[in-house]
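Visitor: Spelled out from the first residue to the last, the chains are:
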Amino acid sequence: MSETLIQLNNISLSYADKTVFSHFNLSIPKGKIIAVLGPSGCGKTSFLRLLSRLIQANEGEIIFNGTDITKIPERKMQLIRRQMGFMFQSNALYTDLNVFDNIAYPIRVHSNLSEDLVRTVTLMKLQMVGLRGAYNKMPHELSGGMARRIALARSLALDPCLMLYDEPFTGQDPIGMQVLLSLVKRFHDCLKMTSIIVSHDVDEVCQIADHVILFESGQVLAQGSPLDLINSRDTKVSQFMMGKLEGDMPFHYPATPYNKDLLYDTIAP
Amino acid sequence: MTLLLRNLGFWLLQWINHLGLTSVFLGQIIAKTGWYKGVFSDVLKQTYNLGCKSFGITTVSALFIGLVLSLQGIHTLEKFGALSQLGPMISLSILREMGPVISALLFSGRACSALTAEIGLLKASDQLDAMKMMGIDPLMRVIVPRFWAGVLGLPLLNLLFCAVAIMAGYWYATQHIMLDSGMFWANTQGAVSWQVDIKNCMIKSVVFAILLLWIALFQGLNCNPTANGISRSTTRTVVLGALCVLCSDFILTALMIGDW
Chain G
1 MSETLIQLNN ISLSYADKTV FSHFNLSIPK GKIIAVLGPS GCGKTSFLRL LSRLIQANEG
61 EIIFNGTDIT KIPERKMQLI RRQMGFMFQS NALYTDLNVF DNIAYPIRVH SNLSEDLVRT
121 VTLMKLQMVG LRGAYNKMPH ELSGGMARRI ALARSLALDP CLMLYDEPFT GQDPIGMQVL
181 LSLVKRFHDC LKMTSIIVSH DVDEVCQIAD HVILFESGQV LAQGSPLDLI NSRDTKVSQF
241 MMGKLEGDMP FHYPATPYNK DLLYDTIAP
Chain H
270 MTLLLRNLGF WLLQWINHLG LTSVFLGQII AKTGWYKGVF SDVLKQTYNL GCKSFGITTV
330 SALFIGLVLS LQGIHTLEKF GALSQLGPMI SLSILREMGP VISALLFSGR ACSALTAEIG
390 LLKASDQLDA MKMMGIDPLM RVIVPRFWAG VLGLPLLNLL FCAVAIMAGY WYATQHIMLD
450 SGMFWANTQG AVSWQVDIKN CMIKSVVFAI LLLWIALFQG LNCNPTANGI SRSTTRTVVL
510 GALCVLCSDF ILTALMIGDW
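Protein chains in written order, with the working numbering: chain G, 1 to 269; chain H, 270 to 529.
Mixed in with the good hints, there may be bad ones.
[As the list claims (entries may be wrong)] Capping the alpha-carbon separation at 25 angstroms, the derived lysine to any residue pairs in SDA-like fashion look like this:
| # | chain 1 | residue 1 | chain 2 | residue 2 |
| --- | --- | --- | --- | --- |
| 1 | H | Lys314 | G | Glu61 |
| 2 | G | Lys137 | G | Gln78 |
| 3 | H | Lys401 | G | Asp203 |
| 4 | H | Lys301 | G | Lys185 |
| 5 | G | Lys76 | H | Leu282 |
| 6 | G | Lys71 | H | Lys314 |
| 7 | G | Lys244 | G | Glu167 |
| 8 | H | Lys306 | G | Ile107 |
| 9 | H | Lys401 | G | Tyr135 |
| 10 | G | Lys137 | H | Asp398 |
| 11 | G | Lys137 | G | Lys71 |
| 12 | G | Lys18 | G | Asp173 |
| 13 | G | Lys18 | G | Thr70 |
| 14 | H | Lys306 | G | Gln219 |
| 15 | G | Lys71 | G | Glu61 |
| 16 | G | Lys32 | G | Pro250 |
| 17 | H | Lys306 | G | Lys192 |
| 18 | G | Lys30 | G | Gln78 |
| 19 | H | Lys301 | G | His110 |
| 20 | H | Lys306 | G | Asn112 |
| 21 | H | Lys401 | G | Ser14 |
| 22 | H | Lys314 | H | Leu374 |
| 23 | H | Lys401 | G | Leu221 |
| 24 | H | Lys306 | G | Ile80 |
| 25 | G | Lys192 | G | Gln89 |
| 26 | G | Lys137 | H | Arg410 |
| 27 | H | Lys401 | G | Pro250 |
| 28 | H | Lys314 | G | Lys30 |
| 29 | H | Lys401 | G | Ile55 |
| 30 | G | Lys32 | G | Phe169 |
| 31 | G | Lys32 | G | Tyr15 |
| 32 | G | Lys71 | H | Ala300 |
| 33 | G | Lys260 | G | Pro250 |
| 34 | H | Lys468 | H | Ala523 |
| 35 | G | Lys18 | H | Leu282 |
| 36 | G | Lys185 | G | Ile107 |
| 37 | G | Lys30 | G | Cys190 |
| 38 | H | Lys401 | G | Ala157 |
If you are wondering where the hints come from, they were derived from the structure by calculation, not from laboratory data. Please read all numbers here as calculations on a predicted model, not as lab measurements.
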């Protein structure tokens with residue numbers, strides 16, 4: 001096993017009416033592409049938000065590069081976040097800035113580069129995602145695929161060592177998906193970073209992932225190489241990886257027994 | 270009875286908690302006010318958005334309020350043969366009460382509601398989280414410039430409101446009943462004190478601006494990030510803003526009335 005970048009120890013997280021994680025433990029190896037898979041609502045997005053401390057765990061510790069990020073003040077966390085890139089499911093582009101300024105914004109804030117250099121670096125980032133020609137467009141003028149690539153370029157603006165992708169391939173056409181897959185892989189290799197991809201697109205993400213973690217109800221159901229999980233004999237794992245309709249993964253949200261909710265008794269003659 | 274007491278206690282605790290949160294929020298705004306690259310352009314841009322874009326509604330409202338005040342003043346004062354006091358009546362009403370209060374209410378409806386909706390949408394579309402992920406503090410870059418832009422903008426709008434309303438009242442009085450303009454201004458000058466009336470007018474306006482911006486920004490930042498949540502926060506901004514302006518106006522007037 002390679003060096004660990006992030007270690008989650010005994011993490012618990014709950015919202016008002018729902019427990020997402022309870023005494024959760026996980027290690028994230030350095031320099032790998034990690035795919036986090038699992039059914040909707042199993043805590044994948046919450047996991048990414050915990051790693052970046054956009055939400056705070058109720059208990060436990062998250063060690064990132066030797067620092068427990070659950071205990072440090074916000075000002076220190078801001079410095080650590082500069083080493084992280086986050087590609088949001090909604091893209092989260094700044095709607096009142098054009099494409100160029102969206103990418104230039106973090107560079108301007110965190111560096112003392114001259115405007116000429118900022119322009120050069122920004123155009124390089126745009127060139128990497130193939131959208132240099134769209135530098136003066138506003139976010140609402142972009143197609144879904146273009147907006148996704150701009151979001152990718154912006155999240156890489158500060159050359160992070162950890163990249164977090166929240167459903168990066170959702171809603172993409174087959175060509176757009178392959179473009180994104182190759183970009184994610186290429187950036188990962190070029191920048192020698194660690195990438196964590198939360199996705200539902202099992203086939204696509206398994207093409208580039210080194211390690212797959214399968215979540216179910218806030219717990220790790222299985223982890224290993226993509227091939228290990230695809231060939232797994234565990235019925236739940238194989239049901240998810242193969243996308244089978246029948247199996248042990250619950251289809252119904254937990255509820256009271258069916259007959260107790262029915263009004264049949266009261267309306268029956 | 271027990272249930273009532275329990276609910277009352279729960280409500281009281283929630284209220285105290287809310288009060289604490291809002292106080293911390295205001296403290297954070299003040300603590301995070303500082304220099305960063307582009308601070309002046311951010312504040313100026315927001316002053317334009319909040320202040321300059323409210324020029325139209327403020328000017329038109331002030332115009333009609335000045336006209337109505339003049340009309341009502343003429344109707345009442347001529348019964349007592351005191352038309353010469355029309356200038357002081359209009360000017361003091363506008364400067365002491367109507368100017369700061371009405372401009373604040375207009376500002377709340379025009380600018381603060383938009384501010385809450387804007388911040389709420391930034392939150393709902395993850396733009397604030399995206400900023401955090403770049404190691405940028407949204408409180409410093411988004412909230413603080415808007416707060417100070419509002420605190421700068423509302424007193425200026427208030428001055429505009431007072432000037433337009435008094436001029437409208439003057440125009441109506443001199444054109445409609447041919448009141449002597451010299452008498453109008455001479456009596457106004459004698460009655461209005463720069464040191465007291467105009468200073469207090471500006472103090473009221475600054476206090477209202479702080480209250481309104483505090484409410485609007487807090488509601489925006491703490492809204493439920495859904496369409497319904499943003500709409501409810503926007504409504505709450507306008508309602509709470511109006512109530513706070515009217516309540517604080519009473520308190521400020523009570524404190525200032527000795528000067529008058």
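Visitor: What are the numbers of the hints that this structure violates, sorted from low to high?
Guide: Hints 1, 2, 3, 4, 5, 6, 11, 12, 14, 16, 17, 23, 27, 28, 31 are the ones this structure does not satisfy, whereas the remaining hints hold.
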